Amino acid sequence: MRATSPQPQLGASGKPERGEAMKYEAVIGLEVHVQLLTESKIFCGCSTSFGAAPNTHVCPVCLGLPGALPVLNRQAVEFAIRMGLAVGGRINPRAVFARKNYFYPDLPKGYQISQYEEPLVVGGRVEIEVDGRLRAIRLARIHLEEDAGRSVHAEEYVGANETLVDANRCGVPLIEVVSEPELATPREAALYLARLRQLVQYLGISSGNMEEGSLRCDANVSVRPAGSKKLGVKTELKNMNSIRSVERALEFEIRRQVAILQQGGRVEQETLLWDEKRGVAEPMRTKEMAHDYRYFPEPDLVPLVVDPAWIEEIRASLPELPLAKKRRFVQQYGLPEYDAELLTETRQLADYFETAAAFTPHTKKLSNWILGEVLRTLNERKISLERFPVPPQYLAELVNLVEDGEISASAGKKVFDEMVESGKRPEAIVREKGLAQISDLSQLEEVVERVLRAYPGEVERYRQGKDKLFTFFVGQVMRETSGKANPRIVNQLLKERLGVRRG
Amino acid sequence: MSPAELDYRTLRARLERGELRVREVVEACLDMVERRKELNAFISVQAEAALRQAEIVEQRLRKGNAGRLAGMVLGVKDNIAIAGGRTTCGSRMLANYVSPYSATVIERILAEDAILLGKTNMDEFAMGSSNETSYFGPTRHPKDPERVPGGSSGGSAAAVAACQCTAALGSDTGGSVRQPAALCGVVGLKPTYGRVSRYGLVAFASSLDQIGPLARTVYDASLLTEVICGYDPRDSTSVNLEPPAILQKLEKGVRGLRIGLPREYFASGLQEEVREAILSAARSLETLGAHVTEVSLPHTEYAIATYYILATAEASSNLARYDGARYGYRSPRCSTLEDMYFRSRSEGFGPEVKRRIMLGTYVLSAGYYEAYYRKAQKVRTLIRRDFLEAFEKCDVLLTPTSPTTAFRIGEKLGDPLTMYLSDVYTVSVNLAGLPAVSIPFGRDSRGLPIGAQIIGPTFAEALVMQVAAALEQEGRTN
Numbered sequence: 001m002r003a004t005s006p007q008p009q010l011g012a013s014g015k016p017e018r019g020e021a022m023k024y025e026a027v028i029g030l031e032v033h034v035q036l037l038t039e040s041k042i043f044c045g046c047s048t049s050f051g052a053a054p055n056t057h058v059c060p061v062c063l064g065l066p067g068a069l070p071v072l073n074r075q076a077v078e079f080a081i082r083m084g085l086a087v088g089g090r091i092n093p094r095a096v097f098a099r100k101n102y103f104y105p106d107l108p109k110g111y112q113i114s115q116y117e118e119p120l121v122v123g124g125r126v127e128i129e130v131d132g133r134l135r136a137i138r139l140a141r142i143h144l145e146e147d148a149g150r151s152v153h154a155e156e157y158v159g160a161n162e163t164l165v166d167a168n169r170c171g172v173p174l175i176e177v178v179s180e181p182e183l184a185t186p187r188e189a190a191l192y193l194a195r196l197r198q199l200v201q202y203l204g205i206s207s208g209n210m211e212e213g214s215l216r217c218d219a220n221v222s223v224r225p226a227g228s229k230k231l232g233v234k235t236e237l238k239n240m241n242s243i244r245s246v247e248r249a250l251e252f253e254i255r256r257q258v259a260i261l262q263q264g265g266r267v268e269q270e271t272l273l274w275d276e277k278r279g280v281a282e283p284m285r286t287k288e289m290a291h292d293y294r295y296f297p298e299p300d301l302v303p304l305v306v307d308p309a310w311i312e313e314i315r316a317s318l319p320e321l322p323l324a325k326k327r328r329f330v331q332q333y334g335l336p337e338y339d340a341e342l343l344t345e346t347r348q349l350a351d352y353f354e355t356a357a358a359f360t361p362h363t364k365k366l367s368n369w370i371l372g373e374v375l376r377t378l379n380e381r382k383i384s385l386e387r388f389p390v391p392p393q394y395l396a397e398l399v400n401l402v403e404d405g406e407i408s409a410s411a412g413k414k415v416f417d418e419m420v421e422s423g424k425r426p427e428a429i430v431r432e433k434g435l436a437q438i439s440d441l442s443q444l445e446e447v448v449e450r451v452l453r454a455y456p457g458e459v460e461r462y463r464q465g466k467d468k469l470f471t472f473f474v475g476q477v478m479r480e481t482s483g484k485a486n487p488r489i490v491n492q493l494l495k496e497r498l499g500v501r502r503g
Numbered sequence: 001m002s003p004a005e006l007d008y009r010t011l012r013a014r015l016e017r018g019e020l021r022v023r024e025v026v027e028a029c030l031d032m033v034e035r036r037k038e039l040n041a042f043i044s045v046q047a048e049a050a051l052r053q054a055e056i057v058e059q060r061l062r063k064g065n066a067g068r069l070a071g072m073v074l075g076v077k078d079n080i081a082i083a084g085g086r087t088t089c090g091s092r093m094l095a096n097y098v099s100p101y102s103a104t105v106i107e108r109i110l111a112e113d114a115i116l117l118g119k120t121n122m123d124e125f126a127m128g129s130s131n132e133t134s135y136f137g138p139t140r141h142p143k144d145p146e147r148v149p150g151g152s153s154g155g156s157a158a159a160v161a162a163c164q165c166t167a168a169l170g171s172d173t174g175g176s177v178r179q180p181a182a183l184c185g186v187v188g189l190k191p192t193y194g195r196v197s198r199y200g201l202v203a204f205a206s207s208l209d210q211i212g213p214l215a216r217t218v219y220d221a222s223l224l225t226e227v228i229c230g231y232d233p234r235d236s237t238s239v240n241l242e243p244p245a246i247l248q249k250l251e252k253g254v255r256g257l258r259i260g261l262p263r264e265y266f267a268s269g270l271q272e273e274v275r276e277a278i279l280s281a282a283r284s285l286e287t288l289g290a291h292v293t294e295v296s297l298p299h300t301e302y303a304i305a306t307y308y309i310l311a312t313a314e315a316s317s318n319l320a321r322y323d324g325a326r327y328g329y330r331s332p333r334c335s336t337l338e339d340m341y342f343r344s345r346s347e348g349f350g351p352e353v354k355r356r357i358m359l360g361t362y363v364l365s366a367g368y369y370e371a372y373y374r375k376a377q378k379v380r381t382l383i384r385r386d387f388l389e390a391f392e393k394c395d396v397l398l399t400p401t402s403p404t405t406a407f408r409i410g411e412k413l414g415d416p417l418t419m420y421l422s423d424v425y426t427v428s429v430n431l432a433g434l435p436a437v438s439i440p441f442g443r444d445s446r447g448l449p450i451g452a453q454i455i456g457p458t459f460a461e462a463l464v465m466q467v468a469a470a471l472e473q474e475g476r477t478n
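Just so you know, the protein sequences line up as chains A and B, in that order.
Residue numbers for the first sequence follow the working numbering, beginning at 1 and rising by one.
Residue numbers for the second sequence follow the working numbering, beginning at 1 and rising by one.
Isolated chain A (complex conformation) (with noise of 0.2 angstroms):
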């Protein structure tokens, strides 16, 4: 890299190269806010399923009507708490919610309803993979609040000089996951976020799905000289609406900061607004940002008093966390790091893999056709695994069948898709479709010394050292016997009688 250079180039990670300029390092924190799949609002009885007709889902509560009042949904608590025992939080005893005023007309009491100096949780982190070595990034707080409504502005029925609100969000409970700013790169930002909407996925608390808004992430960052210990100043990127689109803002980001501090100039504190489709993040308008939130205890609350032995009854219902299942993957069923990883990515997946590891010895083979066949027919398909039509139980059974050598391999990928089209039991598709393999010696030896009687010159040739020639003779055996020929049996058969011959 030149030292003239305006753009620092950055490495894979996101750290500039090595370079005769000064090096920089970026420091990032993540808040991230995870909508909780409670059927029922947090301060009020209103539905939260997503889709339904615009504010049809609403009370005097979640509209903010004069004299309504919020009571508490308790399994939205329940919620957080899972969360917070999963990531190895503390949980407050003592979590006093907090009024964020500001005004917006999608937020119907010109405040939102949060936590501010005695969040649920407090502390806990989030364990990452990078490079293969194990990184904790530490949180900050979990705390619980209310989401805002929905602004609408493309729908037909919303006219050009018009904006309508959609209250049916209002209301809904959401947690805000805020991290130390301890990520050092784009990547391990990515990492996290991913580890993070697992996570909620495996305790069942959200949809963790970024595209419908499920799991919203800001990030926070700046860039100070490599090694130094002072924290550079920040800037905040909102609007981010995938997993990708974080690593890319944050990737824009560090190289427009770097790039800054290089020419001498100072970073301003501002918040960016990414801009997908350009590749860019540009400032808010200073007007939206000139938020003073003036905080305080919500009086409509009680502060929140958490029963210990509830704790303790959430922690005894907490499921088998993904890192947990994945080294026990390894350990129990004998899989490589690299499957056990794959298969614990959602806990859908890893109970799919269990149920059917129950029926077979062949683990490892199991895992190749889950890996393989089973997650290109969801992608082809389009579908979630909840609606893939071919029961654990029957895709190990055809594992058996393969690797038993009572159907070849072809044939076995044959009954994975009639199963895929028809859901019916492989031994029946074998049977109907007549796919058995011919694993008769006697049988097979008839064809192979019928095979050799039929092409003399070729048995010649072989003989004078034409290898190549033994497909040839496999291939007419398989062709003789329709394709259900044992490969392995074949093989060896061909292997004895043409060795016998030259011998």
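A hint or two may mislead.
Quick list of the computed label-pair ranges, beta carbon to beta carbon [what the hints assert, rightly or not]:
no., chain 1, residue 1, chain 2, residue 2, range
1, B, Glu-370, A, Ser-151, 30 to 36 angstroms
2, A, Gly-123, B, Ser-335, 38 to 44 angstroms
3, B, Glu-370, A, Glu-129, 31 to 37 angstroms
4, B, Leu-417, A, Pro-283, 52 to 58 angstroms
Not close to chain B: a few residues of chain A, all C-beta gaps over 10 angstroms, as computed [as the list claims (entries may be wrong)]:
no., residue
5, Ser-49
6, Asn-101
7, Lys-109
8, Arg-195
9, Ala-226
10, Ser-410
11, Val-474
Simulated from the structure, these hints should not be mistaken for laboratory data.
Treat the numbers as computed from the prediction; the structure is a model and nothing was measured.
Virtual Cβ for every residue (Gly too), placed ideally from N, Cα, C.
Given the coordinates of chain A, assemble chain B onto it according to the supplied hints.
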């Protein structure tokens, strides 16, 4: 005597005996409203609905299954929501706002067959001590139309005093039930914080607001209190306790009770005739067998400042929802979002409301929060502790309700600080969350009523009403 002038116990007896029909009571009240229209005690009157309701209640009375408030004609302060009717809060902002739901207290009183006559006038968003800040014009004092009835439940107090209804509901954030009750010469109770559901009460300062009854007798106020109190799962600050049993205590007298006179409540700024009346009330109680002692509430001098910081802070947030976006007043002259907020709030709120929103916004602002809001919270704790300590030495406190009797319209409106001092004896009670009643005791040289305040420990509504009943008896015989 017009049926409108009857106290509820008498009224109920006559209804039961068939000497009077509910319809006649309602008509008598409507007549009183009409005759004294100049009082401007009501913002809206639902004559037809009230008359319809009267027929239903009449049937129940005849069948013998009528509720505890059957035939009680009520005025309801216009910051308490009644489904289908306007709830204006005395503000231009909500002048045409119709609530789709009813407050819990409304459901409770309707379940006991009360009759809703209309919504009473009030200081805008309950901010004021004189009813002069109402968008619908000031309410006038029934005894002297040039004077204020007090506030902010001035409409309720004036309507009860002028016999336009049997009783009324008000709300008390810093004295808004007790002070107008004192000025108008009626009984007004602020129950313990958490006793009465705030669901459907349009919030001014959530940690201080409490709905309370106004009536012409201690008995009527007590009965109404028993009905409106009780746990409500829709209000998280509502306490899960049985409603207080007050009526059975009213006859018990005060023998052996210790009455505390807080010395700080008799210092400067107190109208001499008021001081005389309260001391005379103390002597009366002594005569009845109570022990009167002097006690101290040392942090009293900070109460007004503390109250105006906390109440305005909460108000600035509670009133943020009135932005012209969803309901309420929207300025017709706005082009941008910001313009809509600015103009709608500038035109929709009156000067006192704006003053308090600005004060509250200021004390919560970054850099000032510690010095004002947090400090005030600490002082609030000290004030609460003052009362706890005082109640180790006495059972109830006896104080003036208001430093003066009813003042003239316009007298204090231009001087907010003087106006705020009208609440000097009432705000501490809200800060401490205690029950307190104002009961008429004597008059000044102009014949204007004087109110005595009896403050009790938390949940001691029955005790304060028991003392009030004794004073009421004394006041009558004197």
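At 10 angstroms, judged by beta carbons, does A/Ser-49 keep clear of chain B as stated? holds (22 angstroms)
Starting from the range 52 to 58 angstroms, see whether the pair B/Leu-417 and A/Pro-283 falls in it by beta-carbon distance. violated (44 angstroms)
Taking C-beta pairs only, is A/Arg-195 more than 10 angstroms away from all of chain B? Label holds. Min Cβ-Cβ 34 angstroms, cutoff 10 angstroms.
Do the Cβ positions of B/Glu-370 and A/Glu-129 conform to the proposed distance bound of 31 to 37 angstroms? violated (43 angstroms)
Please check whether B/Glu-370 and A/Ser-151 have a Cβ separation lying inside 30 to 36 angstroms. Given about 35 angstroms between the Cβ atoms, the range holds.
Check the non-interface label on A/Ala-226: least C-beta distance to chain B beyond 10 angstroms or not. holds (34 angstroms)
Say whether it holds or is violated: A/Val-474 keeps its Cβ farther than 10 angstroms from all Cβ of chain B. It holds; A/Val-474 is separated from chain B by about 77 angstroms at its closest Cβ, greater than 10 angstroms.
When you look at the beta carbon of A/Ser-410, is every beta carbon of chain B farther off than 10 angstroms? Holds, because the least Cβ-Cβ distance between A/Ser-410 and chain B comes to about 65 angstroms, which exceeds 10 angstroms.
Beta-carbon spacing of A/Gly-123 to B/Ser-335 - inside the hinted bounds 38 to 44 angstroms or not: Hint violated: Cβ distance 49 angstroms, outside 38 to 44 angstroms.
Any Cβ of chain B at or closer than 10 angstroms to A/Asn-101, or is the non-interface label fine? violated (5 angstroms)
Claimed clearance of chain B by A/Lys-109, with the beta carbon kept past 10 angstroms: Answer for A/Lys-109: violated, closest chain B Cβ roughly 5 angstroms.
Checked against the numbered hints listed earlier, the structure breaks hints 2, 3, 4, 6, 7; every other hint is satisfied.
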